Amino acid sequence: MENLQALFVEAGTLMFAGMVFVFAFLGLLIVFINVVLVNLAKKYPDAIVEARSSSKKNNKKQDGNGVSPAVVAAISSAVTQYRQNQSVKK
Amino acid sequence: MESLKVLWLSTGLANFELGQVIMMLVGCGLLYLAIARNFEPLLLVPMGFGAILTNIPVAGFSEVGGLLHFIYYAGIDTGIFPLLIFMGVGAMTDFGALIANPKTLLLGAAAQFGIFATLFGAIALNLVGLDFSMKDASAIAIIGGADGPTAIFLASKLAPELLGAIAVAAYSYMALVPIIQPPIMRALTTVEERKIEMAQLRHVTKVEKIIFPLGVLMMTIFFLPAATPLVGMFCLGNLMRECGVVDRLSSTAQNELINIVTIFLGLGVGSKLSADQFLNAKTLGILALGAVAFSIGTATGVLMAKLMNKLSKEKVNPLIGAAGVSAVPMAARVANKVGLEANPHNFLLMHAMGPNVAGVLGSAVAAGILLALVG
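Residue numbers (my numbering), protein chains in the order written: chain S, 1 to 90; chain G, 1 to 375.
Think of the hints as simulated: they come from the structure by calculation, not from any bench. Small disclaimer: the values here were computed from a predicted structure and weren't measured. Incorrect hints may have been included.
To be verified - Quick list of in silico lysine-lysine cross-link-like pairs, BS3-like style, CA-CA up to 30 Å:
| hint | chain 1 | residue 1 | chain 2 | residue 2 |
| --- | --- | --- | --- | --- |
| 1 | G | K103 | G | K310 |
| 2 | S | K42 | G | K313 |
| 3 | S | K43 | G | K313 |
Working from the sequences, and respecting the hints, build out all of it.
Encoded structure:
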């Protein structure tokens, strides 16, 4: 019975130490994410995001060259219509 | 006449013992659960078949020199198979949801209470005549981590004689997550809480995903080296996935390698399902404690999420706390399903993946603690 009591005490200690450690470890991981990873993300954003923003810039440049989005849309819809007509004929 | 007698004595019918027949039926039961009920079939099919093979009289599958003997000692006794599986799991895990909402790590931590509370339960069973040492209790308690490879790894180190029962309990309850968890989740939350819609997660960059496994490994090296076999292999798999330069290795780890190792792991665990090791009161105790561990882990995860919802500025649906027990991705799907029942526009899957993968890390850390303190 005494042995059992000692086991219970050991289990209690293990439970306390274990939960404190798990929370401390994962808590530290939260700090790691919030401090290190978030800053890294700001410093090194994804290449895809950069490509998107650069393509937007290119679009703006093209806009500056005089081709308005309305014209582009009109040409695209005309091309689509033409292709549809071709496929109907076939 | 003499040769006929020898021939008869070499048949299975002449050598069968009742225990072997019962264990073969247990093996058939596992096959039934896997094939007819789709309960963790990838592991239960080889495990159930391994149970049948190991109980064949005369053939000596699990005796020294037998196939299953070699598989067990080469892969499970050494800890190699569960660690290779863990590498594959790492290669399949996307930490994006966790990095986007890091406070869900606390949910993964809270759900590990199921493990440590079950320690008490296992010791308490000594009051009713069972004889569990602290090592046995720790190996049983890890069932609450809802992580098969972790449970097998720890059991093979702390209580190899209980490995069969622990593995069967761990995988059975992982398959039963959709049945065990929802009643507990509904009992501990109000309809209003279950309806809570959470804010969309931010975009996580590639650099974050690459540095994360390295950071986790560094922290484990500094604070809990006992957990580095598990965490290290997990992080290696995850780094191979995220770094983008070893797609072939990543693909192998999450497909061919994990499939091959799963076959041998199942057979090896099945070889431990022999009558003398399985047909005793301890197995019943382990099965009961496994259910308790899962239930307590689910409850503490949900309660932690409720607390988080009360204290934080951003709303947290308490249902995602239940995913903290790991059991990836089943527990996250269950959280999503129960959420959808309350609010058909509420998709919690991605939010629940955060605590879900946090639970994997949490149970690996808990296993490391048990190894360091008890092993």
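Results for each hint:
Restraint check for G/K103 and G/K310: the C-alpha separation of about 14 Å stays at or below 30 Å, so the hint holds. This hinted pair checks out: S/K42 and G/K313 have alpha carbons roughly 23 Å apart, not beyond 30 Å. A C-alpha spacing of about 27 Å is found between S/K43 and G/K313, which places the hinted pair at or below 30 Å, so the restraint holds.
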